[in-house]
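Peer 1: Between the sequences and the hints, there should be enough to build the whole structure, so can you do that?
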Amino acid sequence: MIHHRSLNEIVIFYTPIRYASLFFVVGISADDNELITLEIIHRYVEVLDRYFGNVCELDLIFNFQKAYFILDELIIAGEMQESSKKSILRVVSAQDQLEDNEITEKGWPENNRIGLRG
Numbered sequence: 001m002i003h004h005r006s007l008n009e010i011v012i013f014y015t016p017i018r019y020a021s022l023f024f025v026v027g028i029s030a031d032d033n034e035l036i037t038l039e040i041i042h043r044y045v046e047v048l049d050r051y052f053g054n055v056c057e058l059d060l061i062f063n064f065q066k067a068y069f070i071l072d073e074l075i076i077a078g079e080m081q082e083s084s085k086k087s088i089l090r091v092v093s094a095q096d097q098l099e100d101n102e103i104t105e106k107g108w109p110e111n112n113r114i115g116l117r118g
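Residue 41 in the UniProt record's numbering sits at position 41 of the sequence shown, with consecutive numbering throughout.
The hints are simulated quantities; they were obtained by calculation from the structure and are not laboratory data.
All C-beta atoms in this analysis are idealised placements derived from N, C-alpha and C, irrespective of residue type, glycine included.
Be a bit skeptical, because a hint or two may be false.
Calculated lysine to aspartate or glutamate pairs in the DMTMM-like style (CA-CA distance at most 25 Å, straight line) [claimed, not checked]: (1) Lys85 to Asp72; (2) Lys85 to Asp96; (3) Lys66 to Glu102; (4) Lys66 to Glu82; (5) Lys85 to Asp59; (6) Lys85 to Glu34; (7) Lys66 to Glu46; (8) Lys85 to Asp100; (9) Lys86 to Asp31; (10) Lys86 to Glu57.
Per label pair, the in silico range of CB-to-CB distance [to be verified]: (11) Gly53 to Val26: 20 to 28 Å; (12) Glu102 to Ile76: 23 to 31 Å; (13) Glu105 to His42: 33 to 41 Å.
Peer 2: Take a look at the structure:
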């Protein structure tokens, strides 16, 4: 079941369907397609699930920068940029490799990924 709350031209679109124990609320304009919005949410959760391996809210809390990076690879300016899960995961893996190389070049401890010495 899809619920709407209209605020002039913006529609708050939410669904009680749980994707991998995550809930999503999306704001779209009144003339946007709700089924495409559901498909984008579904694709995002599929990519998160493949990247994190059975994604849960703690993965998003402690790795929010990766969740945003994946979302940026999927959507640009409100439109789906890339629909291929493999392409998105390939770019994210390349970014992870770059981060790992930078960490080892600077001599930071492997378990300290943000670069703080402690």
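Peer 1: State for each hint whether it applies.
Peer 2: Hint check:
With a C-alpha separation of about 13 Å, the suggested pair Lys85 and Asp72 falls inside the 25 Å cut-off, and the hint holds. Distance check on the hinted pair: Lys85 and Asp96 sit about 16 Å apart at the alpha-carbon level, within 25 Å; holds. Between Lys66 and Glu102, the direct Cα distance comes to roughly 17 Å. Compliance with the 25 Å bound is thereby established for this hinted pair. Taking the CA atoms of Lys66 and Glu82, the gap is about 17 Å. The hint holds against a cut of 25 Å.
Of the supplied pair hints, the one linking Lys85 and Asp59 holds, its CA atoms being roughly 19 Å apart against a limit of 25 Å. The straight-line distance between the Cα atoms of Lys85 and Glu34 is roughly 21 Å, inside the 25 Å bound, and the hint therefore holds. For the proposed pair Lys66 and Glu46, the alpha carbon gap of about 14 Å is at most 25 Å, so the pair holds. With a C-alpha separation of about 22 Å, the suggested pair Lys85 and Asp100 falls inside the 25 Å cut-off, and the hint holds.
As the CA atoms of Lys86 and Asp31 are separated by approximately 30 Å, the hinted pair breaks the 25 Å bound. For the given pair, Lys86 sits about 23 Å from Glu57 by alpha-carbon distance, which is consistent with the 25 Å threshold. The supplied range of 20 to 28 Å is met by Gly53 and Val26, whose beta-carbon atoms lie about 25 Å from each other. Distance hint check for Glu102 and Ile76: the Cβ-Cβ separation is about 25 Å, which falls inside the suggested range of 23 to 31 Å.
For the hinted restraint 33 to 41 Å between Glu105 and His42, the CB-CB distance of approximately 38 Å keeps it satisfied.
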